[in-house]
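**Student:** With chain W fixed as given, assemble chains Y, A and L with the ligands onto it according to the hints.
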Amino acid sequence: MITATHPVETKKNYLNAEEGLKSWLLTSDHKRIAILYLISVTFFFALGGMYAALIRLELATPAGDLVESNVYNKFFTMHGVIMVFFFLIPSIPAVLGNFFLPMMIGAKDLAFPKINLLSWYIYMVGGVFTLYVLLSGGVDTGWTFYTPFSTSYSNGYVIAAGLGIFINGFSAILTGLNFIVTVHRMRAPGMTWFRMPLFVWAHYATSMIQILGTPVIAVTLFLLVLERGLHIGFFDPAYGGDPVLYQHLFWFYSHPAVYIMILPSMGVVTEIITTFCSKKPFGYTFIAFSSVAIAVFGFLVWGHHLFVSSQSIYAGLVFSVLSYIVAIPSAIKVFNWTATMYKGSVRLETPMLYAIGFIGLFTVGGLTGLFLASLGMNVHLTDTYFVIAHFHYVMVGGAIMGFMGGIHYWWPKMFGRMYSQVWSKVAAIIIFTGFNLTFFPQFILGYMGMPRRYHAYPAEWQVLNVLSSAGASILGLGYLIAIIYLLYSLKFGAIAPPNPWGATTLEWMTDSPPIAENFEVTPVITQEVYTYSAEEVLHVV
Amino acid sequence: MSALKESSHDQTTEGHAAHHGPSKGVYYAVFATLIVLTWVTSWIATVDLGPFNIYVALSIAVFKATMVLFFFMHVKYGTRLTKMIIMSGIYWLILLLFIVMMDFWTRNWMGVPGR
Amino acid sequence: MSSPAAAANVRHHFENAEQQKDASTIGMWIFLVTELMFFGGLFMAYFVYRQAYPDAFASASNKTDLLIGAFNTTVLICSSLTMALAVNAAAVGKKALLIMFLVATLLLGSAFLGVKTYEYHDKWVHHEIPGQHFECEGCKDSGHASLFFSLYFAMTGLHASHMIIGAGYLIFLIIQAKKGKFTPAWHTPVEMFGLYWHFIDIVWIFLFPLLYLIDRVHK
Amino acid sequence: MQAKPFELFPDAASSIAGSVDGLYAYMVLVSAFFSLLIAVLIIYFAVKYRRKDDHVPLPVDEHSIGGMILEIVWSVIPLGLSLVMFAWGASIFFTESKPPADAMEVFVTGKQWMWKIQHNEGAREINELHIPINRDIKLTMTSEDVIHDFYVPAFRTKADVLPGKYTTEWFRPTKVGEYHIFCAEYCGTKHSGMIGTVYVMTEPDYNKWLAAGSGEGSMAEQGQALFNQLGCGNCHASAFNKNLGRCPNLNGLFGTTVDLKDGTKTRMDETYIRESVLYPQSKIVAGYDDIMPTFKGLVTEDGLLKLVEYVKSMGTKNGAQMSAPPLATETSATDAKTGTPAKAGAAKTSAAPAVNVNRPGNQ
Ligand code: HEA
Ligand code: HEA
Ligand code: CUA
Ligand SMILES: [Cu+2]
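Protein chains in written order, with the numbering used here: chain W, 1 to 541; chain Y, 1 to 115; chain A, 1 to 219; chain L, 1 to 363.
Bound conformation, chain W alone (with noise of 0.2 Å):
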């Protein structure tokens, strides 16, 4: 699909700069890198897609008449881990970042060109493991693979399951190790840490987390692995292990890693939110800090996901204590978001509906965390809809809009081409709508006390669910539109200029697509970022 793009104009950049396959696959260009990110996960979101519509198809009828309850039990499993590992986590940091960070301190590329191309490896090889789960009958554990079920019960194919994910961990820690030397050794000069675009700030932060997080699940599912494949005792109570340490173990990454999946996330909505209102983000350094505590201090809370496991109450106490306080950075950022709007010069562009689409949902789905992170109200919500609600509306709402908008944002810079304004918007607002009609159901569902990872529910509540399925099916209708349309504008799109947003930002000082180099000469810092002057705003298209 991209391959065949060559844009109208002679001119080298770095999609034709080489040619063939084979250029594609052993490419070190950081930019090329990102597109083969994009394509891959974009495959993976269709597969996870494709699971979700199937658990909600089932869940549309109370009783279990679509499927076994065994398959059901593989669907949101595969559903769970696809979605998570291999596109949520991926999805901004391996793309956008990829693409972009190093552009936006002015580098040519990453610090590491070839460790790179590696983690795309890596991921790759993950992947394929997944797929042979998939194909081969796949797993019924859930995503967070609880001992001593995982370990001693399950028929499904863990250990290659977890497998995949022990490998596709370590492409996520290449790639933060790869960000963090590039933004500590490679910016260009004059790029001082406080006139870094917000969105390296927050990658930055994102890639301490998988730095400090992502050796512990590896290390995790290596045990769960060993206990499985070998017979032995690690987490399993027939040999006086303790399942809730594997709880502890598992939670001590998948808590900060739902901070890798936000924070990416927060920096696109950003750079959209600065750039269509042509004004400074206010509070530019809060901004930047917050997304290092809620790297930090995202650390300190992975025990709220134990609150009825049998973790002792004390530790359920500073658990719960400091789960408020890790919200106080997100509530920092939606009001700074919020403010910089403020007298604002606010076009509402498809990126832009996007990025408000995040702060809206975004802030839905945070509060309704801090219900979870109450231990009274946990008690009740947790493992019910209410926790599924929560977190789609952080991950599909948050998350997966910042990806939409960062998509929409940077795509004539990627590819050089515009897409349709008029579907871009329609297919936004039918996400928007979609979404909303999918999860905010349960919620509601979920305070009933309808159990998660249930394959038939009591007849009473088929209402909401239906409601829930209907949404269902319309937002995957949006994001097919959105496929569609942005498929068709690499070909027959309008050529986009430079900086169609008018942005201020270093990508965007260079040629749509960039040239392999990134930038003729190594651009010089003088001035503060997001300087926006009135005469550079007349040159919007």
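Sample of chain A residues facing chain L (criterion: CB under 7 Å; computed from the structure):
id: 1; residue: Tyr-53
id: 2; residue: Lys-140
id: 3; residue: Asp-141
id: 4; residue: Gly-143
These are computed hints drawn from the structure, not numbers from a lab.
Where is the CB? At the ideal position from N, CA and C, for every residue including glycine.
**Tutor:** Here is chains Y, A and L with the ligands on its own, set in the frame of chain W:
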């Protein structure tokens, strides 16, 4: 280790030699200390110190590790950034260990099974 | 694996050699931090179970051979010294010395692995491998002793696999050194590998007391 | 269970439900306030400051001095509001966690994919729980295989049910009716089928129901039978016996703190008894030798619960009996008086084995 592959040969830049390592004498001294401590810790493990055996053993290990870190790994002569990276690693490790132990230490806090 | 030395100049995306060297060093340290967290998960499990089943851990630990453990620690420390000296030799451009120390490191590392294999074999003979045929003769709280051995094998196994990877890379370095690729101005791979090797040493410095030195008093 | 066609709010049928709903209302309010605030502001700004003409120069970006104050305001207010959520939630959680001392005890064993429930008086049921209204009910729970979770939405409470240890959950039903029991921790293929019903009954109804079943005697009685059958009495002496010296005397021990051989202390509770039967070497009481064999594989989780109940019935630290009714079958009473150990296991093996016999009247 993978970081190595990205480095490349540089014959043109002179006066490079970024990190000055310690002299050989320091290496031998550190080495001697490490060997001695290895045998000291093995011996002291057989002496009854009550509950303190583990603390002594771990203190010696921490000391040995610090020696390796500072001298063999040149951290003492390294940049502030290197030190920060190491500190953050150690800090996060301690975080993991202590917070999880906090749970296990306070089980039965209320005297109700499983709470 | 492309030979780093093949490119005669600074790679295109770096401004100068110093930036490039710095990037490698930072990258390496960050990598070691991830390694630390990786082993950290195992230490976590170790501490939880050790505090839960102190007797089981004490008596199971007594099944390891203190002398062999101390001897192997010594071997590993020697290899750390030779590695440090190798880096030093590379920095001053003494090629023959560099090769000699690298070979010495490789030999010592292999010796360590050899001893480890012997220990594993010994455990095998005594059925001290966790699993169906596990036995822990004379262990206190033998019901939980297998947890100790699960962790023992996971920790030392992971450590040994790092050694094996390291040994493989050492061979590569020796060949490169023979070819005269390293100069006082550029010997980054040797330096980076040195960090890696010392890190493995540090992990062992903790594994030794935790696995071998528990409750040796009552023996 | 009368199927309701459509509902938006769950039944509130326990003493705790009201407080949970109150907290919920507070959180919904706070959330609604902030969501609306943000939504309204964004839409208002988007409309008000919408760029109408690309050729109008940008407004001057005056760097507001009020920035710092604003940042503090919008950090501190949410922090304050959310700390209320924390404190309120924590106080409910404390109530939920600490069962009242005189609660009626029920024992729950989770198993793929059913709930086995035993009443202290001996009644057993599967996937059903009959309880009297306005009594504190305490569940002591464990699992035979994987992690489950006993969840009654109408009571607003749940707790994981783990293999290898006991967990506790309690509630005080306040409304007669039938309510869902769900397994809320994913446990495999038929997780969604691991459901059941709680019947909250009036006291007389409950007593009637209770009287209909319970043929095998109380939990403690069954525990005693098992105690003898397994030969525990050979060493630990039997109930109310004087100690034989080799093994700790269990009388009046429950709830006390015992000194262990390694110098530490532990509380003699359900968990400790269970561990001592399965892993007798792991925590040896000071002054005794490591002579007890393991009973791992010889006794089921149900059986363990019965043994625990039996040990409990030997009295607690204050000498008072726990909730168990005075036991004493013929034999044990005699044994207690004469001071001779109960007959060893062999004699009793034919007695009802401690496995899943369902209460006949309740199927
Ligand atoms: C992108 C992913 C993401 C993000 C960002 C979050 C953010 C938060 N999450 Fe969420 N969470 C998940 C993904 C995420 N979560 C997932 C996947 C699960 C379930 C996993 C599973 O079990 O399968 C989960 C589960 C989960 C639980 C456990 C539920 C359970 O299983 O029992 C809890 C409990 O505390 C929780 C809390 C929070 C909190 C407090 C935040 C906070 O960070 C939110 C902060 C944001 C705000 C607060 C909104 C903005 C603020 C304002 C507009 C101002 C007003 C603010 C105040 C009044 C404070 N989450
Ligand atoms: C990034 C993460 C992510 C994303 C994007 C989604 C997206 C969606 N999820 Fe996901 N979900 C999880 C992460 C995610 N989920 C996780 C972690 C779990 C827990 C798993 C567990 O319990 O172990 C879960 C569980 C989960 C459940 C609960 C299952 C259960 O507990 O029994 C449900 C039920 O409604 C659900 C629904 C949906 C829907 C409708 C979408 C939609 O947003 C999807 C929309 C996308 C598409 C439809 C595909 C793209 C569209 C096309 C390619 C066009 C063509 C398609 C059509 C026209 C249909 N999810
Ligand atoms: Cu039992 Cu779910
Ligand atoms: Cu979390």
